[in-house]
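Chemist: The residues making up each chain are set out below.
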Amino acid sequence: MAILVYIEQASGKIKKTSLEAVSYAFALAQKTGEGAVIALALGTVEEQELAAVGEAGASKVLHSTDERLNAGVIQAHATAVAQAFHAVGASTLILAKSSLGDAVAARLAIKLEAGLVSNVVELPRLESGFMVKRSIYTGKAFADTTMTTPKKILAIKKNAVAQKVDGAKAPVEVFDLTLPDTDFASKITATERTIGEVLLPEADVVVSGGRGMKGPENWGMIEDLAQTLGAATGCSKPVSDIGWRPHHEHVGQTGVKVAPTLYIAIGISGAIQHLAGVNSSKCIVVINKDPEAPFFKAADYGIVGDAFEIVPQLTAALKAAQ
Amino acid sequence: MKILVCITHVPDTTSKIHFTDNNSKFDPTGVQFIIGPYDDYALARAVELRDQTGGSLTALNVGEVETEPTLRKALAIGADDAIRINSFPKDSFFVAKQIAHVAKEGGYDLILMGRESIDFNGGMVHGMVGELLGIPSFSPVMKLEVEGTTVKMAREIEGGKEHLEAQLPLIAGCQEPIAEWKIPNMRGIMSARTKPLVVVEPGSFATQAEASSYQLPPAKGTVKLVDKDQVAELVHLLKNEAKVL
Ligand SMILES: Cc1cc2nc3c(=O)[nH]c(=O)nc-3n(C[C@H](O)[C@H](O)[C@H](O)COP(=O)(O)OP(=O)(O)OC[C@H]3O[C@@H](n4cnc5c(N)ncnc54)[C@H](O)[C@@H]3O)c2cc1C
Ligand SMILES: Nc1ncnc2c1ncn2[C@@H]1O[C@H](COP(=O)(O)O)[C@@H](O)[C@H]1O
Numbered sequence: 071m072a073i074l075v076y077i078e079q080a081s082g083k084i085k086k087t088s089l090e091a092v093s094y095a096f097a098l099a100q101k102t103g104e105g106a107v108i109a110l111a112l113g114t115v116e117e118q119e120l121a122a123v124g125e126a127g128a129s130k131v132l133h134s135t136d137e138r139l140n141a142g143v144i145q146a147h148a149t150a151v152a153q154a155f156h157a158v159g160a161s162t163l164i165l166a167k168s169s170l171g172d173a174v175a176a177r178l179a180i181k182l183e184a185g186l187v188s189n190v191v192e193l194p195r196l197e198s199g200f201m202v203k204r205s206i207y208t209g210k211a212f213a214d215t216t217m218t219t220p221k222k223i224l225a226i227k228k229n230a231v232a233q234k235v236d237g238a239k240a241p242v243e244v245f246d247l248t249l250p251d252t253d254f255a256s257k258i259t260a261t262e263r264t265i266g267e268v269l270l271p272e273a274d275v276v277v278s279g280g281r282g283m284k285g286p287e288n289w290g291m292i293e294d295l296a297q298t299l300g301a302a303t304g305c306s307k308p309v310s311d312i313g314w315r316p317h318h319e320h321v322g323q324t325g326v327k328v329a330p331t332l333y334i335a336i337g338i339s340g341a342i343q344h345l346a347g348v349n350s351s352k353c354i355v356v357i358n359k360d361p362e363a364p365f366f367k368a369a370d371y372g373i374v375g376d377a378f379e380i381v382p383q384l385t386a387a388l389k390a391a392q
Numbered sequence: 109m110k111i112l113v114c115i116t117h118v119p120d121t122t123s124k125i126h127f128t129d130n131n132s133k134f135d136p137t138g139v140q141f142i143i144g145p146y147d148d149y150a151l152a153r154a155v156e157l158r159d160q161t162g163g164s165l166t167a168l169n170v171g172e173v174e175t176e177p178t179l180r181k182a183l184a185i186g187a188d189d190a191i192r193i194n195s196f197p198k199d200s201f202f203v204a205k206q207i208a209h210v211a212k213e214g215g216y217d218l219i220l221m222g223r224e225s226i227d228f229n230g231g232m233v234h235g236m237v238g239e240l241l242g243i244p245s246f247s248p249v250m251k252l253e254v255e256g257t258t259v260k261m262a263r264e265i266e267g268g269k270e271h272l273e274a275q276l277p278l279i280a281g282c283q284e285p286i287a288e289w290k291i292p293n294m295r296g297i298m299s300a301r302t303k304p305l306v307v308v309e310p311g312s313f314a315t316q317a318e319a320s321s322y323q324l325p326p327a328k329g330t331v332k333l334v335d336k337d338q339v340a341e342l343v344h345l346l347k348n349e350a351k352v353l
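Chains as they are written, first to last, in my numbering: chain A, 71 to 392; chain B, 109 to 353.
Keep in mind that the hints were calculated from the coordinates and are not lab data. Computed from a prediction, not measured in an experiment: that's the story for all the values here. Hints are not guaranteed to be accurate.
[Unchecked claim] Label pairs and their computed distance ranges (CB to CB):
{"hint": "1", "chain 1": "A", "residue 1": "S198", "chain 2": "B", "residue 2": "G256", "range": "36 to 44 Å"}
{"hint": "2", "chain 1": "A", "residue 1": "S198", "chain 2": "B", "residue 2": "D129", "range": "48 to 56 Å"}
{"hint": "3", "chain 1": "B", "residue 1": "P325", "chain 2": "A", "residue 2": "D236", "range": "38 to 46 Å"}
{"hint": "4", "chain 1": "B", "residue 1": "P325", "chain 2": "A", "residue 2": "E293", "range": "52 to 60 Å"}
{"hint": "5", "chain 1": "A", "residue 1": "V244", "chain 2": "B", "residue 2": "D120", "range": "50 to 58 Å"}
{"hint": "6", "chain 1": "A", "residue 1": "R195", "chain 2": "B", "residue 2": "T302", "range": "46 to 54 Å"}
{"hint": "7", "chain 1": "B", "residue 1": "G163", "chain 2": "A", "residue 2": "T102", "range": "32 to 40 Å"}
{"hint": "8", "chain 1": "A", "residue 1": "E117", "chain 2": "B", "residue 2": "G215", "range": "20 to 28 Å"}
{"hint": "9", "chain 1": "B", "residue 1": "T161", "chain 2": "A", "residue 2": "R195", "range": "49 to 57 Å"}
{"hint": "10", "chain 1": "B", "residue 1": "L333", "chain 2": "A", "residue 2": "K389", "range": "18 to 26 Å"}
{"hint": "11", "chain 1": "B", "residue 1": "G163", "chain 2": "A", "residue 2": "K83", "range": "18 to 26 Å"}
{"hint": "12", "chain 1": "A", "residue 1": "E362", "chain 2": "B", "residue 2": "G329", "range": "15 to 23 Å"}
{"hint": "13", "chain 1": "A", "residue 1": "M201", "chain 2": "B", "residue 2": "G215", "range": "34 to 42 Å"}
{"hint": "14", "chain 1": "A", "residue 1": "E119", "chain 2": "B", "residue 2": "E273", "range": "25 to 33 Å"}
[To be verified] Below, in silico cross-link-like pairs of lysine-lysine (BS3-like), each with a Cα-Cα straight-line distance of 30 Å or less:
{"hint": "15", "chain 1": "B", "residue 1": "K110", "chain 2": "A", "residue 2": "K210"}
{"hint": "16", "chain 1": "A", "residue 1": "K389", "chain 2": "A", "residue 2": "K210"}
{"hint": "17", "chain 1": "A", "residue 1": "K257", "chain 2": "B", "residue 2": "K347"}
{"hint": "18", "chain 1": "A", "residue 1": "K86", "chain 2": "B", "residue 2": "K251"}
{"hint": "19", "chain 1": "A", "residue 1": "K389", "chain 2": "B", "residue 2": "K290"}
{"hint": "20", "chain 1": "B", "residue 1": "K290", "chain 2": "B", "residue 2": "K251"}
[Stated by the list, open to error] According to the in silico footprint, chain A covers these stretches of chain B (three or more CB under 8 Å from chain A):
{"hint": "21", "segment": "112-123"}
{"hint": "22", "segment": "158-170"}
{"hint": "23", "segment": "183-194"}
{"hint": "24", "segment": "226-238"}
{"hint": "25", "segment": "317-331"}
{"hint": "26", "segment": "340-349"}
Note that the Cβ used here is the ideal one computed from N, Cα and C, for glycine as well.
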């Protein structure tokens with residue numbers, strides 16, 4: 071039985087979290103003794119991008135070049151994945167957790183009559199049944215979940231496994247789909263995307279600012295620091311509520327959940343709702359002028375002091391060390 | 109227009125999470141339960157749409173009797189009636205089957221949910237119900253306007269947003285800034301007591317992925333503070349000690 075991996079792309083570039091999903095599938099196949107790891111890419115994707123899929127652990131890449139799939143049309147993507155699942159005789163579908171991934175996975179769970187677990191944080195344990203560990207209560211706890219269906223779908227949280235980079239080059243096959251027009255009944259009328267930025271949910275380093283930054287005019291130093299680190303920028307909820315920063319940068323329980331290697335929080339108090347969005351970070355650095363700020367309790371490193379002095383110094387020190 | 113809003117009954121966002129019975133059960137001691145924050149956005153938008161277009165607004169929860177105060181709160185905020193499907197929500201598949209079963213009979217034009225529940229955070233139930241009913245589902249939706257049978261939406265995508273047009277009936281998983289949370293007023297609270305809250309028994313649907321035991325994350329060590337005049341020291345630590353640079 072094969073494992074199918076649903077690959078997400080944006081503007082022809084494959085998402086890093088999807089490559090992680092491929093590596094997860096590779097490790098799973100080794101563990102269960104299952105056969106091939108087959109990746110499915112939809113829409114226009116650059117050739118060298120497809121090569122990375124093999125390096126991440128896929129033994130074959132199926133590519134449907136239908137341009138209508140460039141956008142994340144949920145129904146059409148679900149139909150496409152279901153067709154591939156049947157075509158390759160898959161038992162398991164692996165995908166990266168994301169807003170599109172979730173929506174597609176949910177519909178597939180019904181289409182394929184497959185069990186679905188989201189927010190999976192590590193490889194399953196197989197001693198007694200098929201047991202997956204998933205993150206619940208917005209990262210405040212974990213649940214061991216037993217999957218009882220023969221077909222399974224796992225939506226993987228970022229950093230569940232390390233991305234493999236030493237796999238063999240995988241052959242790419244064109245995969246022909248028959249997509250009903252009804253799948254495209256909803257029309258995407260416009261897309262607004264901030265180009266060139268590191269995507270927040272995918273980022274390995276995140277620099278976030280809170281209300282302590284005083285106003286949007288002071289974000290230049292946050293952006294300088296982020297740029298030096300190749301980081302994405304985030305913010306606390308009030309900051310996006312007042313409109314200092316765009317909504318998609320809001321991190322926390324009711325915003326984006328990030329899982330970077332390094333999270334730097336500047337002028338953020340560390341309310342429990344904010345922490346819920348960052349508690350999967352590997353290392354947390356807090357810069358706050360208040361030594362009593364709750365964020366220090368969740369931090370690995372901290373500096374007590376004025377962000378307006380410290381942040382430019384930090385940027386300079388990082389540049390000096392590069 | 110007939111609107112259905114599906115709401116969860118979840119621990120307040122400031123709750124500390126604990127488990128009992130050898131880590132096999134959630135411990136509700138000292139926990140305050142609320143309408144899920146995303147469901148609260150869905151409900152607020154649903155109230156506005158019902159007020160604009162007329163019709164009816166039903167609030168639905170799959171849960172045991174202790175969720176009734178949460179449903180009453182939804183009535184106080186503006187739902188016309190409520191349905192409780194009397195079962196512990198065992199997994200998202202089970203919940204979706206229950207909701208789809210009731211929704212099919214109700215013949216709703218628009219079903220609003222939260223983008224995700226904040227207990228299991230699956231973000232799955234809307235898609236499953238959509239597929240079960242054979243209608244489209246969209247999430248996370250941050251803007252939703254209804255003009256006749258056309259629905260204009262903005263959906264958040266990573267790093268931006270997407271504007272969409274679709275036809276009723278459909279399902280949307282909502283998030284801010286679709287509407288502002290509504291706080292029940294005195295009249296709402298009074299009228300909520302007499303609005304209908306119907307309890308229906310669950311259909312016998314299977315589960316697929318039930319949780320068997322729970323764990324808390326390992327405790328965090330204490331923070332290492334760096335003096336504000338030694339910023340370069342932080343860079344050194346991140347590079348050589350934490351090895352994250
Ligand atoms: C249902 C619900 C959901 C929520 N969801 C979220 C969520 O998802 N994400 C989220 O972030 N919040 C969320 N909140 C809000 C949350 O409770 C806090 O209000 C919010 O996180 C505080 O933002 P802040 O830390 O930027 O601002 P504040 O609490 O005002 O903190 C500002 C911090 O900046 C520091 N500071 C000030 N000046 C300086 C300076 N010059 N240099 C350095 N430090 C300075 C201060 O010491 C303070 O610690 C939610 C709330 C509710 C009720
Ligand atoms: N037990 C439940 N009762 C009613 N609605 C629910 C229930 N569980 C989930 N939902 C709805 O489905 C949405 C997504 O939930 P989830 O898939 O669990 O993240 C929630 O925001 C609710 O609108």
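Chemist: Which hints, by number, does the structure contradict?
Modeler: Violated hints: 1, 2, 3, 4, 7, 8, 11, 15, 16, 17, 19, 22 and 23; rest satisfied.
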